[in-house]
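> Put chain B on the given structure of chain A with help from the hints.
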Amino acid sequence: MDRVGLGWRPEIAAEIFARLDGIDVVEVIADDYFEAPSREIRALRTLAAQVPVVLHGVSLGLASTARADVRRLARMARLVDRVRPEFWSEHLAFVRGGGVEIGHLAAPPRTESTVDGAAANLDRARAVVGSAPLVENIATLIDPPGSDLDEGEWVRAILSASGADLLLDLHNLHANAVNFGFDARDFIRRLPEDRIGAVHLAGGKWIGRLLDDHLHDVPDEVYDLLERTAAHASRPLTVILERDGNYPPMEELIAQLDRARSALRAGRRARELARV
Amino acid sequence: MSSPAFEGFLARLYVDSAFRARFLADPEGEARRAGLSCGDQAALRAIDRKGLELAAHSYEMKRRQTANGKRNGRR
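Protein chains in written order, with our numbering: chain A, 485 to 760; chain B, 974 to 1048.
For reference, chain A alone in the conformation it holds in the complex (with noise of 0.2 Å):
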């Protein structure tokens, strides 16, 4: 059954912890979390005996030729074996290079190498935590160099080499379809249907490029893919809103997950009668 929910925020956690009844899930980000002590892991147990949680990684750069730091991965081997979520997630990124921190995800070129990186460190994150990561498409405001392939065949290519699974951020999605003029829902009908888990919402803002900076709305264009997605998909989706700042009141964010629960009946609604 498709499900929905909302971004962990320690600046809203009030508010969220008021309004679980309209709320099916939790992501956390798991570096929020990796030093984090004993007290804030124990609270952590807590919302997840409320509300199912599932963690969300952002440093570990699994998209790259180099090889994945096994003591990152161990850290959230820990994490995983703490808190035992429902799953955890991670980027199709690089985050680093040549002992060089980026300080956030960069998106490596788009290439055999690349996938073969990322399904060997996809390998090595399912031998160190127990499970692989949902992988999750970025946005990037560069065309990344040095690429050979479009994104949808070097994201096919990884799910297909890996056997991971996709979270599809919709509007990693459609920022990089605006800003380097793909058909996003193109993009979607050529996605392996059984290989879609989650799915994440966000809005951004246009810098000359459209930015993904999770502190606007979901525009109307991101609801419109997620009912593609439904259509589409012939898994239960897992549909998480995420929300850094600039924050509306919670019955804002409420409302937007319920036109996401909308646009899901829509589409799989629309499923139901292809099928027929």
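Quick caveat, the hints were computed from the structure, so don't treat them as lab data. Given the structure is predicted, the values throughout are model-derived calculations rather than measurements.
FRET-style restraints, in silico, Cβ to Cβ:
#, chain 1, residue 1, chain 2, residue 2, range
1, A, S746, B, G1008, 51 to 61 Å
2, A, R568, B, G1042, 27 to 37 Å
3, A, A758, B, C1011, 41 to 51 Å
4, A, R610, B, G1042, 24 to 34 Å
5, B, G1008, A, T530, 50 to 60 Å
6, A, R568, B, S990, 39 to 49 Å
7, A, R526, B, G1042, 21 to 31 Å
8, A, E677, B, A1040, 36 to 46 Å
9, A, R755, B, A1040, 41 to 51 Å
10, B, D999, A, S746, 53 to 63 Å
11, B, Q1014, A, P521, 45 to 55 Å
12, A, A527, B, A991, 40 to 50 Å
Here are the computed lysine-lysine pairs in the DSBU-like style, where the Cα-Cα straight-line distance is at most 30 Å:
#, chain 1, residue 1, chain 2, residue 2
13, A, K689, B, K1023
14, B, K1035, A, K689
15, B, K1035, B, K1023
Which bits of chain B does chain A cover? Going by a derived footprint, with three or more residues having C-beta under 8 Å, they are:
#, stretch
16, 985–993
17, 1020–1027
18, 1034–1040
From the three backbone atoms N, C-alpha and C, an ideal C-beta is built for every residue, glycine too.
Below, chain B alone, put in the same frame as chain A:
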């Protein structure tokens, strides 16, 4: 194409403004001095310059937020 060396070059481009300025003045020269292949040099010569500047600025903002103690590593 792509290698740890190429990714390292990109990481430095995104983070080091002085290096980025030298690169934009002579992309192939900087790539050659870094020991990158002819294919990598050609790819960097054709780099998306507008995207490079936007991305570098965005990454700098993220690093500042992290340095200021803002949690939620992901944006």
